[in-house]
Structure formats: structure tokens, C-alpha cells
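Q: Sequence:
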Amino acid sequence: MYDTDSDGKTKNTHFSKTLALAKKRGIMPEAVVMDAWYSSLHNLKSIRSHGWICVTTLRKNRLVNHNKQLNKLDISEEGTSIHLRGYGWVTVFKFTAKNDRIDYIVTKNPTRQYVKSIMDARWSVEVYHREVKQNCGIQRCQARTSRAQRNNIFLAISAWFEQHKRRISEKITLYQQNWDVIKNAIAEQIGVLLAYPN
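For the sequence shown, the residue numbers in this note's numbering are 3 to 200.
These are calculated hints, taken from the structure and not from any lab test. Please note: incorrect hints may appear among the correct ones.
[As the list claims (entries may be wrong)] Label-pair distances were calculated between CB atoms; the ranges are:
1. 75 x 113: 14 to 24 Å
2. 193 x 28: 50 to 60 Å
3. 37 x 78: 19 to 29 Å
4. 52 x 182: 44 to 54 Å
5. 159 x 43: 31 to 41 Å
6. 83 x 22: 25 to 35 Å
[To be verified] Straight-line Cα separation of at most 20 Å, EDC-like style, residue types lysine to aspartate or glutamate; simulated pairs:
7. 47 x 37
8. 185 x 172
9. 62 x 102
10. 96 x 79
11. 110 x 80
12. 19 x 37
13. 47 x 32
14. 173 x 133
15. 13 x 128
16. 96 x 122
17. 118 x 37
18. 96 x 37
19. 62 x 105
20. 62 x 37
21. 118 x 102
22. 110 x 37
23. 100 x 79
24. 110 x 32
25. 135 x 37
26. 96 x 80
27. 100 x 128
28. 118 x 80
Using N, Cα and C, we set each Cβ at its ideal position, and we do this for glycine too.
Modelling step: build the complete structure from the supplied sequences, incorporating the hints.
A: The structure is reproduced here in C-alpha cells:
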């Protein structure tokens with residue numbers, strides 16, 4: 003549980019501990035994927051120490067190649083080799099999103115298709131997180147004890163799995179499922195009001 007006030011551990015500390023636990027459990031990921039928030043030199047070295055490949059976003063003002071900002075470099079479509087101070091050589095790719103946001107993705111595997119496939123997989127995880135927050139209330143727990151918070155997390159994830167199974171079997175979105183519940187409740191209340199108008 004992330005609670006820096008009680009244990010003094012930062013998100014990056016938790017990140018390193020999670021990597022070590024995954025390694026201990028024998029997990030061999032194709033790549034460790036993270037956003038710019040976790041792309042510190044320490045985290046990149048931690049991933050490398052486990053023998054894994056990382057695919058991460060770097061901020062546009064990250065200094066590379068002897069103090070040049072990343073967004074000032076001419077990056078080719080096939081990727082450009084850059085030097086991260088304290089880490090070594092990596093390949094950077096420039097992706098432009100639909101809203102014209104530019105993402106700078108770095109990895110040791112120098113193919114654009116590989117990076118795109120990994121980032122597409124990452125996007126499905128982002129969608130899952132959005133759905134479990136918006137539809138299942140994972141972030142709305144008001145409990146203070148860590149046990150109650152873990153129970154809320156478990157129940158929210160369980161609810162998401164049930165909704166996901168229904169989405170596949172009935173071919174309806176999570177939002178349609180939620181609307182069905184709301185619509186039925188509204189119809190029931192309107193029926194009560196019409197039956198007893200006073």
C-alpha cells in the first residue's frame with residue numbers, strides 16, 4: 003500500500019520492491035513498461051539489473067547526449083540512438099498521438115514495430131485502470147485501515163471481472179451495464195411515484 007506518511011516509502015521505492023518480488027517469483031516479462039513518472043535513472047538500472055528490457059516514456063526536457071534536451075533532437079522514424087547519462091545507449095522513438103501530444107519512448111530493442119506492440123499492450127492496461135476506477139469504485143474507499151482498503155480493492159477488481167465476462171458474453175460495454183442498473187432503478191421509482199401520487 004502506498005502511504006509515504008506511515009512508512010516513508012516513495013512510489014519509486016515501491017516500484018523497485020515490486021520488481022524484486024516479481025524476479026523472486028520467477029516472472030520473466032517480455033518488457034517492463036512504465037510512464038515517465040518512473041523513468042528515473044535508479045529505476046532504469048534496477049530493471050537492467052534483473053536482466054529485463056524496459057520500454058518507457060521520457061519527458062521532452064530530459065537531458066541526453068551531453069546535455070541536449072530530448073525534444074531538440076532530430077529523431078528518425080526508425081528510431082535514434084541516444085546516450086542517457088549514467089545509464090548508457092538506448093533507442094528513442096517519437097510517437098505523435100491523435101491530440102498532437104508527442105511521446106518519446108526509449109528501449110534497448112531498436113525496432114519501431116516492437117515498441118508499438120508493447121505500447122498497444124500497455125494501453126489495454128490503462129483502459130483497465132480507467133474502468134476499474136470509473137465503474138467499480140476502486141478509488142472511492144473511505145476506510146482508514148489497510149485491511150479494509152485491500153478488501154475494497156479486491157471487491158472492485160472482482161466486480162470488474164464480472165462486468166468484463168458480461169461484456170464478452172452479451173457484447174455490451176461496461177457503461178451500458180451501469181446504465182441498465184440506473185435505468186431500472188429510475189423506472190422503479192417512477193412507478194412508485196405514479197402509483198402513489200400524493
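Q: Hints first: check each against the structure and report whether it holds.
A: To see whether the hints hold, each was checked on the structure:
1. For the pair residue 75 and residue 113, the supplied restraint of 14 to 24 Å holds, since their beta-carbon distance comes to about 19 Å.
2. Between residue 193 and residue 28 the CB atoms are about 57 Å apart, so this pair conforms to the stated range of 50 to 60 Å.
3. One distance hint, 19 to 29 Å for the beta-carbon pair residue 37 and residue 78, holds here, with the actual separation near 23 Å.
4. For the pair residue 52 and residue 182, the supplied restraint of 44 to 54 Å holds, since their beta-carbon distance comes to about 45 Å.
5. For residue 159 paired with residue 43, a C-beta distance near 33 Å keeps the hint of 31 to 41 Å intact.
6. In this structure the supplied range 25 to 35 Å holds for residue 83 paired with residue 22, their Cβ-Cβ distance being about 29 Å.
7. Between residue 47 and residue 37, the direct Cα distance comes to roughly 15 Å. Compliance with the 20 Å bound is thereby established for this hinted pair.
8. For the proposed pair residue 185 and residue 172, the alpha carbon gap of about 18 Å is at most 20 Å, so the pair holds.
9. A C-alpha spacing of about 14 Å is found between residue 62 and residue 102, which places the hinted pair at or below 20 Å, so the restraint holds.
10. Pair hint residue 96 plus residue 79 holds up; C-alpha atoms about 7 Å apart against a cutoff of 20 Å.
11. Distance check on the hinted pair: residue 110 and residue 80 sit about 13 Å apart at the alpha-carbon level, within 20 Å; holds.
12. A distance of roughly 17 Å separates the Cα atoms of residue 19 and residue 37; the hinted pair therefore holds under the 20 Å criterion.
13. For the proposed pair residue 47 and residue 32, the alpha carbon gap of about 17 Å is at most 20 Å, so the pair holds.
14. Taking the CA atoms of residue 173 and residue 133, the gap is near 16 Å; set against the 20 Å cutoff, the hint holds.
15. Distance restraint check for residue 13 and residue 128: the Cα-Cα separation of roughly 18 Å lies within the 20 Å cut-off, and the hinted pair is therefore satisfied.
16. Using a Cα cut-off of 20 Å, the hinted pair residue 96 and residue 122 holds, with the two alpha carbons roughly 15 Å apart.
17. Restraint check for residue 118 and residue 37: satisfied, since their Cα atoms lie roughly 14 Å apart, inside the 20 Å limit.
18. For the hint linking residue 96 to residue 37, the alpha-carbon distance of about 14 Å falls within 20 Å, and the restraint holds.
19. A threshold of 20 Å between alpha carbons decides the hint, and for residue 62 with residue 105 the separation of about 8 Å falls inside it, so the pair holds.
20. Between the alpha carbons of residue 62 and residue 37 the distance comes to roughly 13 Å, so the proposed pair stays at or under 20 Å and holds.
21. With a C-alpha separation of about 17 Å, the suggested pair residue 118 and residue 102 falls inside the 20 Å cut-off, and the hint holds.
22. For the hint pairing residue 110 with residue 37, the CA-to-CA distance comes to about 16 Å; that is within 20 Å, so the pair holds.
23. This hinted pair checks out: residue 100 and residue 79 have alpha carbons roughly 17 Å apart, not beyond 20 Å.
24. Annotation: proposed proximity of residue 110 to residue 32 holds, straight-line Cα distance about 12 Å (limit 20 Å).
25. With a C-alpha separation of about 19 Å, the suggested pair residue 135 and residue 37 falls inside the 20 Å cut-off, and the hint holds.
26. Of the pairs offered as hints, the one joining residue 96 and residue 80 holds, with about 9 Å between alpha carbons and a cut-off of 20 Å not exceeded.
27. Restraint check for residue 100 and residue 128: satisfied, since their Cα atoms lie roughly 16 Å apart, inside the 20 Å limit.
28. Under the criterion of a C-alpha separation no larger than 20 Å, the hint pairing residue 118 with residue 80 is consistent with the structure, at around 12 Å.
No hint from the list above goes unmet by this structure.
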